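Q: What follows is the residue order along each chain.
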Amino acid sequence: MNLGIKGPDGGPIPPDSPLARALALPPEAPLSAGFADRVVAAAEARPVPLPKLRRGSGWRAGRRLAIGLAGIAALASAAAATGLLRQLAVPVPSAGTVWAHLSGTAKSAPAKAAKRAPVETPAAPAKVEIEESIDTPEELAEAFRRADTLRADRRAERLRIIDQRIAGEIERRSAAGLRVPSAQEVARLRERIAAAEALREQRADARVAARREVLQRKVEAGEAITREDFAAPPRGLRDLPEASAAFERLRRVPPRERRAALQAMPAEERGAVLEEFRTLRAALNPPTTPPSPEAQPKSGD
Amino acid sequence: MTAAGLHLPSAPDAAASGSDATQIQRLAARDAGVLRRVVDVHAARLHRIAWRMTGDAAEAEDIVQEALLRLWDLAPAMAARYPAGSRRAADIRLGGWLQRVVTNLSIDRLRRIRRLSGTDVPERMDDAPLADAVAEACEEGARARALIAALPERQRAAIVLTYYEELPNAEAAAALDMNLKAFESLLHRARAALRLAFAVQEGCR
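Residue numbers (this note's numbering), protein chains in the order written: chain A, 1 to 301; chain B, 1001 to 1205.
Okay, chain B solo, but in the shape it has when bound:
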């Protein structure tokens, strides 16, 4: 993730858009107090996204910490790219940028786990949930997690961002670095796969 991509169509959140540029300027000046405020404002939501993506609270915490440290590292470049008071700086959405970083880091972690699992990479991505995931879903208490985990990474991200975090499609598409049409297609396939997995789960019960 670079300093680019800060113009996310995010709704105004706790960190007001006008103050995001100022926060970046102060982060660039190595103001640790500002970083603490950013953590207070954004960390909970970022952690929620990462946790729903990975299913592991400790892993999610690592992802959030890495995203925040990236913000700390890239703040000087961001401050130079979006100087305070400029029109571009007024459009900065720090929360959106952090969501994109966390989503990408979560997808990277999931892919790394899949590579380390030793299974062969399919030639074409199968949207249908895997049998073991469905079987796992038959166990009591893990149904939702199994349904989510059965989805491919990007479909999982689409469900997490739009269903659980209730982000608008445009903002979720930006977090996944996709255009709106492509994201809507991805979301459609994700819901269909989710329904199929749910149907299989119901059949097991």
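For reference, chain A alone in the conformation it holds in the complex:
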């Protein structure tokens, strides 16, 4: 008999108590004959249990994820390869850029300079493709038309970058808590920029007109204009002496670095380079044009 919790009401039931006698049951009915046979027969007749449901395990979910990622990567690669992303203005980094970022070998300064390059040099010069030599006025006119289109695009790009830089500077100053130029100041700045741009265009137009006269005369004389002729520098530059290595090196770097390099030069070398610079400016400007103050070397440009 089990001994459980003792208590006045819930304690164990003594074997010889009236309650124990009342609880006495007659012997239980035995299992019916052939019970074991029936159980075994029923067991053997049961269908084979179905395998467990294959609920998504970690690997199965991971495999689906991997397949999905691979599919997305394939679609993205196909879109990049077909130029679709470029049409949608989505930047696609080159494999070298991606690898440089992944391996940590990307140089921050050159990357920054490369990023700013379009700002410093307003528009990357897209070459006008001339497949064969130009030897008819029609072909020359077509070449001029393409050049004009390119120049217009470059000018629009320059103006767009100027606007972008002005807006960016205003935003930067606003975020830094600095004084933000007023609308009048911005308007004056834009006027100065427009004036400089107009002067620049005027000089460029003069150079282009002079160059085109030369080219037209060559075509009229029956000469074929080659690619080199079309892209040749203005006549004045051909008369210049060979540019020094220091001058070439300075000419290819941004203005800020150019100023720093000039200041770091010995006095003699700096004087030679500046003289070379003045010679170049004088050759580029028509002899009748009075020397402009911008030609002074104080700016270092």
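Be a bit skeptical, because a hint or two may be false.
To be verified - Not the full set, but computed from the structure, chain A residues with beta-carbon under 8 Å of chain B: (1) G11; (2) L25; (3) E28; (4) S32; (5) F35; (6) A36; (7) A43; (8) E44; (9) R146.
Because the hints were derived from the structure by calculation, they are not lab data.
All values derive from a computational prediction rather than experimental measurement.
Note that the Cβ used here is the ideal one computed from N, Cα and C, for glycine as well.
Position chain B against the provided structure of chain A, taking the given hints into account.
A: Just chain B now, with coordinates in the frame of chain A:
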């Protein structure tokens, strides 16, 4: 009932614990001879529990058969969960698992009968025996059965397992899927209700 819950604190019985794992492995391999041996070893006790719970020998036989067939169905899963030779397999108590299945099936049958009887389900379980059960107990020859039948299902199971089957409290608690403290409380209430019913019965006599 699933393959879990095989670790019942059962005393070694006819089916030695060491051989229980082997029996499950052979049941998983669809060895009908092993099932027959399990029936021979456990069926009588299982039938006794079910009969004392339900009061119906035929119903008890159905319950035992269903429990054994569940064992047959779940044997592959059990064999995979408790591979032979492992430490977990050494703790398997097949008899305890079958007792738990039979107890739960008996409780389910009793509850189904109560639902089908059309009586309203009380908001709170009344531990006191019902009047008709007590009145029935006044009839000669059915006193014990009436006393047991007057108890709620789980209290009835507690009395059957500990008083009639003389199982240790821990094993009876495992068969009812309860912790020991809760089972002891249940057993205490069951005995109290039994005594109250017995007192009423005596008053009728």
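Q: State for each hint whether it applies.
A: Right, here's what the structure says about each hint:
1. With 8 Å as the threshold, the beta carbon of G11(A) comes within range of chain B, its nearest partner Cβ sitting at about 7 Å, so the hint holds.
2. Hint status for L25(A) relative to chain B: holds, with the closest Cβ pair at about 5 Å, below 8 Å.
3. A distance limit of 8 Å between C-beta atoms decides the matter here; for E28(A) the minimum to chain B is near 5 Å, and the interface restraint holds.
4. Against a cut-off of 8 Å between C-beta atoms, the interface hint on S32(A) holds, since the closest Cβ of chain B lies about 6 Å away.
5. A cut of 8 Å between beta carbons decides the hint on F35(A): the least distance to chain B is about 7 Å, and the hint holds.
6. The beta carbon of A36(A) comes within 4 Å of a beta carbon in chain B, closer than 8 Å, and the hint placing it at the interface holds.
7. Interface restraint check: A43(A) against chain B, minimum CB-CB distance 4 Å, threshold 8 Å, status holds.
8. Taking 8 Å as the C-beta contact cut-off toward chain B, the hint placing E44(A) at the interface holds, the least distance being around 6 Å.
9. Violation of the interface hint for R146(A) is found here, the shortest Cβ-Cβ separation to chain B being roughly 78 Å, above the 8 Å cut-off.
When held up to the earlier numbered hints, the structure conflicts with hint 9 and nothing else.
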